[in-house]
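One letter stands for each residue in the lines below.
2 protein chains.
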Amino acid sequence: MSSSAPERRLRADRARQAADVIRQQVVQRAFPDGVLPDEMFLATEFSVSRNTIREALDLLREEGLIERVPGVGTVVVTEKYAHGLNHLMGLAETLHEHGEVTNDVRAAGPIKPPSPVAQRLRLGDGEQVVYVERLRRLNGLPLSLDLTYLAMDVGLPLLDEDLRHRDIFSLIEQTSGQRLGTAAVTLEAVNADLHAATVLEVPKGAALLVVERLSHFADGRPVDLEFIRMRGDRLTMRAECRRTP
Amino acid sequence: MSSSAPERRLRADRARQAADVIRQQVVQRAFPDGVLPDEMFLATEFSVSRNTIREALDLLREEGLIERVPGVGTVVVTEKYAHGLNHLMGLAETLHEHGEVTNDVRAAGPIKPPSPVAQRLRLGDGEQVVYVERLRRLNGLPLSLDLTYLAMDVGLPLLDEDLRHRDIFSLIEQTSGQRLGTAAVTLEAVNADLHAATVLEVPKGAALLVVERLSHFADGRPVDLEFIRMRGDRLTMRAECRRTP
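The listed protein sequences derive, respectively, from chains A and B.
If you read the first sequence in UniProt numbering, its first letter stands for residue 1, the second for the next number, and so on.
If you read the second sequence in UniProt numbering, its first letter stands for residue 1, the second for the next number, and so on.
You may find that some hints are simply not true.
One copy or two, either will do: identical chains are not told apart, so a pair holds if it fits within one copy or between any two.
[To be verified] Cross-link-like lysine to any residue pairs, in silico, SDA-like; alpha carbons within 25 Å at most: (1) Lys112 <-> Leu135; (2) Lys80 <-> Pro116; (3) Lys112 <-> Leu123; (4) Lys80 <-> Arg9; (5) Lys80 <-> Pro110; (6) Lys112 <-> Arg50; (7) Lys112 <-> Val69; (8) Lys204 <-> Asp58; (9) Lys112 <-> Thr44; (10) Lys80 <-> Ala92; (11) Lys80 <-> Glu62; (12) Lys80 <-> Gln119; (13) Lys80 <-> Gln178; (14) Lys80 <-> Ala184; (15) Lys112 <-> His96; (16) Lys204 <-> Asn51; (17) Lys204 <-> Pro37.
Read the hints as simulated data drawn from the structure, not as lab findings.
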């Protein structure tokens, strides 16, 4: 396809362009009271027709981000929370100003790890790990489903602690007396399978942010391997990156 | 729900647990020749039944990551490429060892920016920006759809350059004579709308990684605002994060 002037593209392209900007405004809480400006205003703002703006709003409605309320206008439905990627923080630490994080502890106990997990945690043959599975909620609503593998000496003391209300990071530091250092994080977008969707209370196929995170003690020893499924409509990740010479 | 021993959960939970580990093995290219071990081996590895492993493989097949090839076994279908989040790099810079990145330039030219874009780029009233829309491919297959807003003095010289084969980052540094510094990045998981799906050659609703990235010159001036839709089945993002005291 050859390049064309920006104003001569398909309506669908122009609608997506507007939707992207409005999505970020929603995430950044740019709309007072969570009410979007009216279509006429937005059409002028984005130099497009009202039909194009309607199509842009339809896209965000399909994502479950906004909805039309008769007599009020277009309102933000879901608050999205930002989770920082540069700093290693637990969810409760990150979101404490937004409400209470609680965890349904779905499983907790020692298991024999599969070898890829043992390798990541640099364990020897036959060493067990502590496995903890939690559904994490903010003010009661599901945010993420976390599967955690912990080195045995680090994980066992946690089984007697308040896993329902505390972040694993802060519990690890408290019970081990050691500080965490760095973590290696991988992020992917994955469609929710039926069962994960049911647990997270989203439709089957909903876009999830899937994070693998290997956290180390400050001395470099890997102790905590997590697989996290975050609801795409409720969490965003933020990072700062730097150009290297 | 009260906590239970890890081995006493539903099969769906145990299948997801295995699928998460196998997904990361695929991403990290842990399988020689892209062929997974057989079901019996995996069942032993994960201490689960063969039915549970089948269910785990079904999940990854639904994601389009693997497929069954009669007479061969289960093979990796899609190679996933990792894009670093800590270092600000263009796609071609990142993926040069995997093949050739080419860009279909769908639009390129000056536009009046919507005010949220003007604010992010710290532009005055009435200042225009250069808008560039590209579908980016690796060895011909779509990877991402990038919508880019550039400050006018930075963007105009790019219109005469080889946008089809070059990263915008390296073109900016070449034509401006200035280095880029930091970028603020926001990541989300979003389901592909029909039109974006068509452009990226994925099914409607496929999970996309949506990135907003604001890049600055080394002196702190914001010059490049991008909205990037990445195919969830082809790209992952990597980051290192650090526990702060």
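Requested in this report: At 25 Å max between alpha carbons, let me know whether Lys112 reaches Leu135 within a copy, between copies, both or neither.
Outcome: Cα proximity of Lys112 and Leu135: one copy only (22 Å, versus 45 Å across).
**Report entry** Copy assignment of Lys80 with Ala92, given that the CA separation must stay at most 25 Å
**Finding:** The answer is within: 15 Å in one copy meets 25 Å, while 31 Å across copies does not.
Query raised in the report: When no copy is named, should Lys204 and Asn51 be tagged within, between, both, or neither for a Cα gap of at most 25 Å?
Result: Classified as between: cross-chain Cα gap 22 Å, same-chain 30 Å, threshold 25 Å.
Requested in this report: Could you figure out if Lys112 and Leu123 sit no more than 25 Å apart (CA to CA) within one copy, between two copies, both or neither?
Outcome: within (11 Å within a copy, 58 Å between copies)
Query raised in the report: Quick one: Lys112 to Thr44, C-alpha cut-off 25 Å, is that within a copy, between copies, both, or neither?
Result: Answer is between; shortest inter-copy Cα gap is 11 Å, intra-copy 61 Å.
Report task. Pop the pair Lys112 and Val69 into one bin, within, between, both or neither, using alpha-carbon distances up to 25 Å. Result -> Classified as neither: same-chain Cα gap 52 Å, cross-chain 31 Å, threshold 25 Å.
Report task. Can you give me the call for Lys80 and Arg9, within, between, both or neither, at a CA distance of at most 25 Å? Result -> Neither: 31 Å inside a chain and 31 Å across chains, both beyond 25 Å.
Query raised in the report: Given a CA cutoff of 25 Å, do Lys112 and His96 count as a within-copy pair, a between-copy pair, both, or neither?
Result: neither (34 Å within a copy, 40 Å between copies)
Report task. First find the shortest C-alpha distance between Lys204 and Asp58 inside one copy, then the shortest across copies, and answer within, between, both or neither for a cut-off of 25 Å. Result -> Cα proximity of Lys204 and Asp58: in one copy and across copies (20 Å, 15 Å).
Report task. Please work out whether the CA atoms of Lys80 and Pro110 approach to 25 Å or closer within one copy, between two copies, in both situations, or in neither? Result -> The answer is neither: 34 Å in one copy and 32 Å across copies each exceed 25 Å.
Query - Homomeric proximity label, Lys80 with Gln178: Cα distance no greater than 25 Å - result: Answer is neither: 32 Å inside a copy and 35 Å across each miss the 25 Å cutoff.
Requested in this report: With 25 Å as the alpha-carbon cut-off, assign the pair Lys80 and Glu62 to within, between, both or neither.
Outcome: within (15 Å within a copy, 27 Å between copies)
The structure fails hints 4, 5, 7, 13, 15, 17 (numbered hints given earlier, in ascending order).
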